Structures are given as structure tokens and as C-alpha cells.
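Undergrad: One-letter residues, chain by chain:
Protein chains: 2
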Amino acid sequence: MTNVKRVYSFGNKQAEGDSTMKNLLGGKGANLAEMCLLGLPVPAGLTITTDTCTEYYENNCQLPATLMDDVWAAMEKVEEAMGMKYGDGDNALLVSCRSGARSSMPGMMDTVLNIGLSSATIPGLIKKTNNPRFVYDSYRRLIMMYADVVMDKAEGLDKNIRRQLDEMLDEYKHAKGLKSDTELTTDDLMILADKFKKKVKEVLGTEFPDDARAQLEGGIKAVFKSWNGKKAVSYRRIEGIPDDWGTAVNVQAMVFGNMGDSSATGVAFTRNPATGDNIFYGEWLVNAQGEDVVAGIRTPSPLNDDTKNEQNKHLMSMQEQYPVIYKELCDIRTTLEDTFKDMLDIEFTVQEGKLYMLQCRVGKRTGTAALNMAMDMLEEGRIDEKTAVLRLDPAQLDELLHPIVNPSSESKATPIVKGLPAGPGAAVGKVVFSAEDAVALSRKGERVILVRKETNPEDVEGMRVADGILTALGGMTSHAALVARGWGKCCIVGAGTMEVNETTKTATIKDSDITIKEGDIITLNGTKGHVYNVSLDLMDATENPRFQKFMSMADKFRRMGVRTNADTPEDAKTARDFGAEGIGLFRTEHMFYGKGADEPLFILRKMILASTDEERLAAINELAPFVKRDMKGTMDVMNGLPVTFRLLDPPLHEFAPHTAEKQAEIAKVIGISAEEVAVRVDKLHETNPMMGHRGVRLGITYPAITEMQFRALLEAAAELTKDGKNPMPEIMVPVTCDVNELNISKVIFNKVKKETEEKFGMEIPCLYGTMIEIPRACLLANRMAETAEFFSFGTNDLTQMTFGFSRDDVSGFMQDYLDKKVMPADPFQTIDQDGVGQLIEMAVVKGRNTRNKLKVGICGEQGGDPASVEFCNRMGLNYVSCSPFRVPIARLAAAHANIKQS
Amino acid sequence: MTNVKRVYSFGNKQAEGDSTMKNLLGGKGANLAEMCLLGLPVPAGLTITTDTCTEYYENNCQLPATLMDDVWAAMEKVEEAMGMKYGDGDNALLVSCRSGARSSMPGMMDTVLNIGLSSATIPGLIKKTNNPRFVYDSYRRLIMMYADVVMDKAEGLDKNIRRQLDEMLDEYKHAKGLKSDTELTTDDLMILADKFKKKVKEVLGTEFPDDARAQLEGGIKAVFKSWNGKKAVSYRRIEGIPDDWGTAVNVQAMVFGNMGDSSATGVAFTRNPATGDNIFYGEWLVNAQGEDVVAGIRTPSPLNDDTKNEQNKHLMSMQEQYPVIYKELCDIRTTLEDTFKDMLDIEFTVQEGKLYMLQCRVGKRTGTAALNMAMDMLEEGRIDEKTAVLRLDPAQLDELLHPIVNPSSESKATPIVKGLPAGPGAAVGKVVFSAEDAVALSRKGERVILVRKETNPEDVEGMRVADGILTALGGMTSHAALVARGWGKCCIVGAGTMEVNETTKTATIKDSDITIKEGDIITLNGTKGHVYNVSLDLMDATENPRFQKFMSMADKFRRMGVRTNADTPEDAKTARDFGAEGIGLFRTEHMFYGKGADEPLFILRKMILASTDEERLAAINELAPFVKRDMKGTMDVMNGLPVTFRLLDPPLHEFAPHTAEKQAEIAKVIGISAEEVAVRVDKLHETNPMMGHRGVRLGITYPAITEMQFRALLEAAAELTKDGKNPMPEIMVPVTCDVNELNISKVIFNKVKKETEEKFGMEIPCLYGTMIEIPRACLLANRMAETAEFFSFGTNDLTQMTFGFSRDDVSGFMQDYLDKKVMPADPFQTIDQDGVGQLIEMAVVKGRNTRNKLKVGICGEQGGDPASVEFCNRMGLNYVSCSPFRVPIARLAAAHANIKQS
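Residue numbers (our numbering), protein chains in the order written: chain D, 903 to 1804; chain C, 903 to 1804.
Because the hints were derived from the structure by calculation, they are not lab data.
Check the hints yourself; a few may be wrong.
Pairs involving identical chains hold if they fit within one copy or between any two copies, as the list cannot separate such chains.
[Stated by the list, open to error] Cut-off 30 Å, straight-line C-alpha distance, at most; resulting in silico cross-link-like pairs (DSBU-like, lysine-lysine):
hint, residue 1, residue 2
1, K1332, K1100
2, K1210, K1314
3, K1078, K1266
4, K1075, K1430
5, K1755, K1723
6, K1530, K1256
Bear in mind the structure is a predicted one, so any value in this text is a computation, not a measurement.
My request is simple: use the sequences and hints to build the entire structure.
TA: Below you can see the structure in the form of C-alpha cells.
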């Protein structure tokens, strides 16, 4: 690794990297380089590669030996570009040190600003800027950040030095009767800096470094270290970012937005990230540093007229205050969109009237915004259809399918408070005031609204589980807004008339007698920013014609079919409306419901409890009309589309009556004692029912049960055909592990088919296939395909057997497995491509070796998971099948998969 | 298939086949051909190939179109050789039609004799033989057999015609006051033949065919049909004979042992099949057909002095009665042993002073006989060591390891009855009088002795499950004797003073007041033929030095090691005595026993029920000394041999106290309420514990449990080393599905190892490996082997997961699966090479790709199953591990496997 290039310079309209090098330079570093190449005003700097981060961890958290030499060499170029010198007594260059991974992880890793301030450089800087207050304010900020990030966290001391310094600051202000930081004088700041340094030594046992070079080296190490910080690891797990990607480090010349009223800082989106509207959308603060905007501590001003809203319309926009600089920024917006052909999220600083670009990246957006931008940019001719389709992440569709507040319900209610519409959609739930409470309550199955003064990265787990998020402070680019939008979550920020007390767990609304307490139910309209202290009706948001158009476009790029798992005519209807092209899984056992003695569940129980073949047959015959009715109804709804009926699957014991009352009831009807019923139920008990007498195994033991289902299905199909319909039934035998199981049932199938065809005087086309959900079926798929005309992967069971994980019991250890990184994701959520994937691939290849045109699908719950859909496309599956509400997601995911793979 | 040769002729010292063609001609056909080539006197005939049987079934039970043409062409050669003509009015040839599969299936398929008798041939035959009684006796036999086999069974009518004809015969004799068949006159037989033919027409609806050619075609079809008869299928399942081998049909000129006192028939073994002694051993009957000897209806005479015993010494031997023919037979014996170099089972007939050989095949033998013959023939220089090793089937070893009656116990008891020692060894059990009762009682876990007048093929299932078999009739070559010997089962036949009444389910002993009733416990000494109506002590039979010598010889040909599964020092000792070369599986959880509050099980329960880490740690520390003690004791016994310790495996719930009493007891000790104990136990409950929180998963959640086991093991090893011993511990992590599980535990292992090595000041060599029992571990074996230094296949669990069959619940459907031929064998008994085998092969190949010298073994229960051992050898495994008593079987099986494969 000695000749590897670890450090890339940028600045002065030149750069060693560019925007294609995100993997190596991180998103931030690559785009800083690109902006330089575009001739934009970027403070010079250098990027240390992500590979160096990997080296750092492989090398037991040591920097490569020659790294700092390379850094100092690159720093000379920065000095030249900026006309300053790092550590110099007269004209000192200050730098920031920031993380920058391949994929944005906002706020999850550490940053240190103002590096380079020391007893050697401060006097010269004061002289140069003639602004001693600014210099000392920067210095006390450096001490606070550095002590926290570099000395406390990165060294693993975890003494919480930051909180202690914050408290010192508050005490000092309190003693002096000061309300805000801006009231602190130069002298105050000098005193505080001294106090801080003493405290640091006292708490952490080391001096705050007064050497600029040592400061920078510490900063670099701290950024690398923060890649494995708790927050970052937790975020990566949620976002599915691999741990071994590593982060780059960007060392960049500092520019200051806090050098007085001719300085400012801001963040902007080239289009509205919540709605997708083609307006320049941003916030800024005069005389502030960047963190002040993002942290949500001060409510920022609008960038321009387009950004004004109820909360900020009284504040002066940049368009009004700095029209020339605003114009320059608008030109940059155009350059960037022309270059990147996407909506960008930018950060800028104005230092004494000069504009600097600090960051640009593809902006996060809501699903609605993603949809609108994709369609707009397509219409603008910026992107083609394929690119437009790729612009909407399938996971985001979930959000478009999310409910909104029913307008008629909302019209009768009055909002108790209004805030910024940071995440559209709606949510109703119980109020909690901490992330921990959100997690705890949601584990109980409750819908939760997380209410906070403001959120910070420590809150992410709670935000994840919440249905909605409401904060008192913060703007559209605050932490809460960014995170919520990334997840398509309903969110309202900056609800300024709400005062949150996290200790008493209450929120009071100013100028009213309303207090929200923990456990109260509230409704958020995230699209408008309105909060109601009642539970309002929600409704679907899928009627949008633009959405329909987008989906049709996506369908053009899709190779795989998308079916649905539905067990009733009603579900089938819903799914067909969502675009399902058939039913991939109709679970026969789901039709057994009802309470009366003449309803299916009761009759099924009679069948299960039968002690002789005669009793069993009588119950089976009684059951047949119900089975036929639902099968017929479903095929009717799906007229002209295939419907896959799975034979009765689960262990019979699941349906047996388990309470004494129910046993007594059925005993009376069957005419045996309740004790006898109890004995028969007990006989059905199995130690491991998931691997017990179920699926095709029932059919082998009780062929009459199978025969009844075949007959019901074929007669239903025949009757529909007589009525001029076009039923397309497919029969699916579950839990098979050997072709002989299929063959034995096939004999019955053929017999019943012949009889039914004779009875109705017609041919009844019906495919005969099997669910592939037992590892052995995959291993012997070549034989299975001798009889099976199609395969459908039951990935739930296949995952259970392949891992030896009982889905019912896995909660006892899955969290430990995820926490300890045994596996990257819950294999019941997303297909385990490494293991289960091998079996699937084997089954597809072997099956098609036997039967060239074998139709292969998947009907496990992972069928609606985008990563799994992508895998299925790669495997050459014919279709995926998922729950009705996930059909659009699967359609889009299938399109994405096919585009990416071709 | 038109040009295929389907018919092979033999006779007149010539033959188209030979003894190497068993697969095509069946064992009988191939050896008949060979005997012709050896110049022995064999009645001429023809063999229809086994492939023709397969054709017959593939062709929907139709004979190939040209087959009968080929048969008639071959029949012309038979006519020529025998100087007779089939169907001829003056000089008619009669033939038999018999089955003959690759592997002997005695009595399991059908035979028809005397084919060719008709109104056209009878007069000429009477004239020629001048023996009308013989002719009509043969005719009524033909009608009875043909009606049963060809017309009733093969046509699937199943009217039980045979029983009806038997009853007619009995009635006729009764009406005439006759006691035996031999008293029937020619007229009686003519009348009976007529009555039989009318009855056949009446019951079966068709005439008995009077056309010789039609008779032969019917006979051939019936033999093919009997391949799929119930008896044959059942036998094949037990013996593991594939259904698609098919049977050959042998059509052979009839010779008659029932043509008066110069005619006879007999069966013999070239050596004693029970003991292996090198004596000519056989039985014969004057004026009888072959079936009479085998059926056990008459007690046969001894062949010679060597064959005389208490039961038959009063009868005249062939050696005495026909010394010349006996001499000829002795020469044939020598020729055959010189040719086949093995003990042969022969059938012969003497027709009016002329000897004919009807059959020769390698004889079935007891394990003891197999051992002795192998060692004798080796010493005689007939065979080499390799062949000698192959002569003892590993499955037969079981019998050598079977108990015998303890002589000191037997010396105090008096036999109630004596019979022929047909199957050596001993058995104690409850008496039953039918095969059905034997099956039923054995299913309840009882040891069963099946007592019958005589056995027939319908009894095989009951004989299979019985520990011992006792019959009143029959000789050493009777059905009971043959079958029992084949299975190495203790058996006494021909206990002549015992009268069995199968209706009242009693057996009375003549000249005594002893009556054996159903359920009585009796003891059989099958080596002596003695029966006791008490329960005697049994003892081991492995001290035989010849056995030891044989096993050492076998070991020379073995590549794989043989280890044992043992959980205590005592088991380890037993296994070492049986030749185990290490322990392949030490199940840590098996050491948790005892009732007291200071014993391991109780302390384990405290650990399981702990609600805090502190409580758990306290219990773990309390448990450590017990774990260490057993580990140390076991390594001490196995000094110098490897011992594989598996970490705690089963779900904790299994060990939890489930009764209210036990819960109360532990509640008192822990100091919590019994209700709280119940709640904690309930929390541990899992729906599918086999796929739940067990194995390595426990260690991931509770690392302290793992750490304790590592420490106990490493300290035990260190202490033994200090004592000058040579412990060879191997640690095995169970239920793994991902290398990360191994890695996480390995960190703890390394830490404990370092600490222990420092504490004892020595290196402690210890392999770190994993059990491969989850399909995913096979699929990702390349990764597993990055950390695992050895693999050991846990084929029980691997079979469970691969099939999705819960071992605890499979009894609910496994019998149906075997009955309906879904699978050929219970995969928990013998490795499913098709499915599970693929995973094993994959794991071996992938594992060794990563780690060249990866040691691989198997420790599932199939490790002692010969077929599975053969598979393991083929897969290149390093060792198999099985229960102590199966170690010799595994050693021999491993030798066989290696010889066969090299």
C-alpha cells in the first residue's frame, strides 16, 4: 500500500478528483472536486480517501505511516490557493475537518471546525481581521468541539465533556445575566476559553493541544473513529450501508459566515424537496456558522420569495438582502442542475460579501417530490424515461401509498398548532416525548407520534419507529426534517407556539389552555404542517394521475410479472386495482373463519377431529361448498389473470379448538364427550409444528382432503367458464420435498380433472405446480420439475429451514444477532442472498434444466422487498407476488432491477 | 427395444449366460447357466431377463410383443435337451416357472410347477410313466397353484381361491376318512381335479386353461406380476432392494422327486450356515417335491451324519440311503465351492435314481457363520484378506455383538422344550402368536418373541420386529430359519413337543402341564435351540478372539477413522474397548442430571431461570466444577485420542422445571415465588424449539455460558497435562449458520485460552471447529472454514432442516411416506444421499477449498449405518462417529466402503 494515493487536492478551479469518484473520495469530496472543475467558488482543501479509513481500521486504528506527510504536502497547495499559511503567526489558515462517506449520513459522524487556532496564530488573526471577538468566539467553539470529538469520544473516554462545557457556558451567562451567546464580549470569551482548557485537562487528563499540526492530525483520526461511533453504526444498519465502506476525510480551508453582517451561511435545495416544485428552496442566517442553520437552534430566514411561509415571512430573504450574491447563487443552481441533472442540496457561506460553496450533493426528497421531479425533469428533457423511473426509490413508494388526512374530517377540526410541513402525509398516534419511549410503545404495537423540542442524531431509533414526528424548533433543513424526509415519514417542525417540556412529558400551546400529555392521541397533517389534538380520519393518496402515469412508464422497463398474495375476493380486488397481474398465493386455510356450527371453521374442526375415515369424509363434503365459493369468487374477480391456489398448508392442530368452551361446543355437535375432544386435540399436538404434519403431508395421509380441494377448484373454474368467464387456475402443492409427493397427489388431480371435465363437457386448463420452500426441494429441483409445471418460492419457510430459525421464536435472539452484526439484516425481511439465494438459484437452474420453460415465481413476504425483487430479477424469475399494498413497490422495484441489470 | 435379447437358454452342459450376469438373468438364472457350463446335471430351461420385467411394467403390464416367439424358440432347445416335447400327446415336457431377482428374495414371489399338464398331455404321460396317481397328483397341484398365482392374484381378483381349494381338499379327505394327502387314490385325485376346475370357473369366472401354451404365457406374466406383490414390496423395503431392479423368469424342465421311493428332493449348504463349520449340511425328503422341504410341513431327514441332531437322528440320511448319489452330490459340492469360492445353498432333486441340480446360490448365513467361514476360507487359501473382510456384512456384526444367554444363569434353569438352533444368540421377551400382535406390542416398546406353528411370508413384518422367533414345525431351511438367519435374529424352529393354537393364543408342551400364554415372558437360546419359560440373564459375545482378529484385519483396509458419541467417562471406556479412535461427540448437556439442589441439573435450572446477569453468572460459576469434572474424566479415559466437546446445545426450555412441585422447589432456593418461576419457565417456551434459541445462539445471547465451558475444558486439559497425560480436546460450536457466530465465540475462546495458558504456564493445543447441521452452513461452508478448523456433520438436524421434518413429529406421517413409497428409507436411519448428501458434498468441497486440510467427520446417528458410512467414505470424510455399540459395525463398514471404492 506504500504507493497508493491517499490524498486528493482541490481548489482554485482545479481538482485531482471529480464527481465520479464517490467510492474513493466520498460524496462530499467528489462533489467538492467537481464544483472546483466547474469553476465555482470553493474554499481549497484536500480529501483523504475512504480506503485510508479501511486501512486505519485494519491497522488497529493507526493512521498509515506516510499519511500525514501527504497531508502536509497537500496543505501547501491549499495555503497557496487561499493565500494563507497554516499555523502562521501573521496570516493563519484555519481549516475544517469533516467526514464524507459514499452515501450521505447526515449528522451521524463528527466534524471539527476552526482547526489551527492556537496561541501562535490567534494574535495574528486578531490583527488581520481586526475582530478579536470573532477570533475568540471561534476559539472557544474549537475547544468545545475538539474536546468532545477528538479528545473525549475518539479516545473512548466518554466523559461527556461537551455537556460539562455547555453547562459552564450557561453558568457563566447566568452569572453575568446574559441571555444569548451573542451578548458575550471578547473578554468573556477569553475567560471562557481559559476555563474550558482547564476543565478539559481536569476531566480528560490531557491538555487541549496548542499545536496546529497536532490539532489537524487529531481531527483526522477523530473523523475516522466516528465511522464506528454508535450513531453511525445504528444509521448504517437502518439504511443498509455496509460497514466496510469507510468514510473519507475532507480538510478544507475555513470560511466564516459569522464575521458580521456582511457574512452569512445557508443551505438550499435546487428544487423543493418536500413537493418537488421547481423553485429554488432554501434558508439562511446572517452572521452565523453552518451548524446554526442545520442544527435547528435558530429559525432561519427564507432564501427567497418562493421559500417564504407563515413561519418565516416576516424575516428578510437573501434575495432581498443580498440581491447580487443571490443572483450568483441562482446561476450556480443552474450550473449544478445542468451538470448533475438532478435536484441538489447545497451549503454555502458568505464571508464578508464573498460567496463560497461548501457542499453540493443530490438532495434527499419525499416520495411525492421524487415523483414530481422525475416527471418534471422528464418533461424538461433533462432526463430520459429510464432515468426518471430510477429517480423514485421503490421504498419511497410506500410513502406515496401512505394515508393523508381525509379533507372532510379535517375541515371540521381546528389545528391546535401549526409548523413547517417537513414530511408530507398524515399520522395519528399516541404522544411520547423521548426516543426510548417511542421504541418501547411501538414494541407494544401502538402507533406513536414523537414530540421533541428538536431532534438530534441520538433520536434516530425513536424517529424510525414513530408514525409521525413533531418538533417545536428547527426549519425545513433541520435534523428532524432531513431524517423524516429520507424515510418518507410524516413530520412537522418549527411548531413555534408549542413549548415542550421533556422532563414533565408535556407540551403546552402558547395563548391557549391546551396541554398535550404523554399518551394523548394527536393527528399530524405533514403536508400542511397542521397539528390536531383529536384523531382524524385518514385516507389513501394513490389517485394521483401523475403517479399512475409514472407507474405505467415503470412497467415498460419491467421484465418480471407482479402478482399478489390474496385469500378473498375483496383482497383480490384491491390488488388488481394496485396493478397486480394475477394471484401468486391464495391460502386456502385463510377461508376458514366464522363462529357458527354451519360455518367453515367449525366444519373444518369436525374434519380435524374425525376419528374414522367416514367421519372425516362427511366433514370434508360439508366443507366443499365453502371452499368452492371462495375459489370461484376470487377467480371471478381476477378474470383473465392467473390465480395460484395453494392446498391446505398449516398443521391441523392450529385449527383445533383449544379452549374448554370451544371443545364442549364441538363435542355436542359431533356427539362425543368434551374429554374425548380434548384427547383428540392433544393427539394432534406437535413439538415442532412448523416441521410437522402439514402441507402435502396432510394430503399423503388424508387424500380425501386433497381430492375435495381439487374438485372444488375445477368445478368452480368450469362453472365460471360456462358463464363466459376466463378463469386461469393454477394448483400449488405446498411443503414438498420429493417429486413422489407431487406424483401421488397428481394421480388424484388427474382423476378429479377427468371426472370434472366429463361432468361439464369441457376441458379445464389448470397448471399443476409446487411451492419450493424446503431446502431438499431446491436440491432436487430437477426431479420436482418433472411433474411441477411451475415453482413458487415460499421464502418464509425456505428461510426458516435454511437457517434453522423458527419465525415464531426468532425474536428471542434476532436482535442480538443484528446488534452483534452476525448478519446484516433480518432474513425474514429481505432475502438472504448468500445462503437462501444459493438454494433459489440452484432450484431455478435445475428446474429449468428439466423443464425448459418452467414458470418460476416467489410468494414469500420478501416478494415486496425491493432488494429481494432485484435478486429475483437477477435469478430470472417470471414473477414476484406480494401483499396487495406492496404491489406498486414490487412493480417499481422490478423495473429498477431490470434497468440496472440490463 | 426390438433387437434386444430377452431370452437366454441353458441345458445340456451349455448355456448362453453365466454367473457374472446376475443383473440381467437374476441370481438363479445366472447360476443355472454357470452350473451347466460346469457340466453339472441341470434340467434344461430358459431365462427371461430382468429388463423384460421393467419393460413389462413400463408397458402397462403387457409382455413385449415378440417375447413369446422368443420363448417358444428357446423351448425347442429345451425339448431337444430333455428329449421331450412341450404339449405333446405322447412324450410331454412339463416345466416350472419361477422368479429370480438379482438378489435372493426367498418365498416372496410366485412359482408355478407342473405347467403343461392338460387333457392333451395327461394320457400320454400316464402311459409313459405308468404312474397315473403321480400324474393326477401333479395335475391337481398345478390347478391349485395356477388358479391361485396366475388366475387369482396376478389378475388382481384376490378371491382367495387357494384357501377355498384347500378347504375342498380337507373336506374331501374328511368325508373319506383320510388323514394324509398320500392316501388319496388316483380316482380321488381325478375327482378332485374336476371339482377344482369347476370351483375355479365358479369363483374366478374363467376356465382353468387346458392349453399348454396358454398356461406357460400365464405363468410368465404371473411371475412378473408378483414382483409388485405386497409381500415382495414389503421385503424389498426392509432389505433396501430398489423397486426397479425387476425379476427374471426361469422356465425350466420339470423333474420329479415325487415319483416313488427312488425319487427324492433336498436342499443343502456347502457349509453349516449357522456356525460356519466346514461340513456338508442339508436335509432331504424321499418321494417329495422341493416345496415340501422348504415349507417346513414335514420334518426332513438329515443329508448325512454331520447333519444329524436330536430331532432327526432317527431318520435315514441320504449318505446311508443313496450312497452313490450322495457321493455325486459331494463332488458337486466341491466343484461349486472351488468355482464360487464361497458357501453355497443348493437345491437338488433325484428323479428315479438320477440327480438333478435345480438351484445354487451364495448361501445366507449368520454373522457367526460368516465370520468363521471367512476366516476358514482365508486359512484354506481360497480367498484373500480383502475378500474375507467383505464376506461379513457390517449389518451382521450387530448380531455378533448381540447378547447370548449367560451360562451360569442358564445352568440353573431347565428348558421346557427343545428345537433346532436356526438363529444363534439369545432373546428374552413377551410371547405373541401373530405377526400383527408382534408389531403392535413392539410399537409399545416391548421386547417380543413371536411364537408360530410355522411362519410364512405374510409374517415377515412381525418377524422383523420380534427379538426372537419360535416355531413348532420346520427345519433348518424352513421359511422361519431362512428369514431369521438373514437378519441375524435369534430363532428356534421345529420345537416338536410344542403345540401352538393361534386362535386361543396358547402353546402347550406335550407331556407336561406347561402352557405358554400371550404375554408370558420366555427366553430363547438360539445357539442351542433351548426354550425357557423364565427370564434368563443375557451377556455380551464379543470376547471371541477370532472376531478380534477379523476386526484387526478389516481395520487394515479402512481409510476413515471411527470415533464414538459418548458423554461420560463410562461410555468412553466402553467405546474405546470397541475400538473407538476418539470421541466425535461429547454432548455437554448430557452431564446435567441429579436431583439434589447441589447437583448439576438443579444448578443449570438456576442459570436458566436467572432474571439478571448477576444471578446467571453466579449459577454459571457454580456449574463450572461439574462441567470440568466430566470433561476431565472423559479426556483421561481417552488419553492420547481426540475428544470433541460440543458446547451446550438444546433449547434451555428443555431443562426448565415443568411440574409445579419442581418449580416450587427451585423457587424456594432462588428465593422467588413459585408463580414467578412459572412465569419465567413460560417465557422460555418456544413454538418450534428445534429451530429456536439453542446451540451457538445461546452463546451469542449469553456469552458467559460459553466462556465457562471454554474455561472448564481448557483447565481440565491443562491439569491432565500437568499429570503427564496427553489430552486432545477439540471444541465444537453447534447449530451455526454463519461464520460470524464462530468468530464471536472465537474471541471469547482466544481470551480464555490466553488466560488459561498464562495461569498454567503451558500451551494448550485445542482445535476449534463447528458442527455442520444447518443447511446454510453447508451452503456457506467456504466461509465457515475460514474460522472452523474442523467440521462435523450433525446429520440428525441437517436431515430435519433439509426435509423440514421434525424428528419428534415425523412418526405422524413417516409410515405413510414409506408405505406410499414417497421415499425408500427413513432418512433419520440412513443418510438421504440424494438431498442431504448434496449438502454434505457441497460442504466438504467448499470447506476444503478454503482450508486444504480441513478435518471432516460425522456425528449424527447415521454414523453407524453401513450405507451412510459408505457414503461418508466416498465423500472423503476423515472419520465417522457413532454410539459405542455400533463402533465395530462402523469400522467394518468403513473397510468395506474403502475396498469397494478403491
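Undergrad: Between the shortest in-copy and the shortest cross-copy C-alpha distance, which are at most 30 Å for K1332 and K1100: within, between, both, or neither?
TA: neither (46 Å within a copy, 92 Å between copies)
Undergrad: When no copy is named, should K1755 and K1723 be tagged within, between, both, or neither for a Cα gap of at most 30 Å?
TA: The answer is between: 29 Å across copies meets 30 Å, while 40 Å in one copy does not.
Undergrad: Could you figure out if K1530 and K1256 sit no more than 30 Å apart (CA to CA) within one copy, between two copies, both or neither?
TA: For K1530 and K1256, neither the intra-copy (77 Å) nor the inter-copy (75 Å) Cα distance is at most 30 Å.
Undergrad: With identical chains treated as interchangeable, where does the CA-CA distance between K1210 and K1314 reach 30 Å or less: within a copy, between copies, both, or neither?
TA: Cα proximity of K1210 and K1314: one copy only (27 Å, versus 112 Å across).
Undergrad: From the Cα coordinates, with 30 Å as the cut-off, is the pair K1078 and K1266 best called within, between, both, or neither?
TA: Neither: 43 Å inside a copy, 108 Å across copies.
Undergrad: For K1075 and K1430, with the copy left unspecified, which applies at a CA distance of at most 30 Å: within, between, both, or neither?
TA: Intra 38 Å, inter 108 Å, cutoff 30 Å: neither.
Violated hints, in rising order: 1, 3, 4, 6; the structure is consistent with all others.
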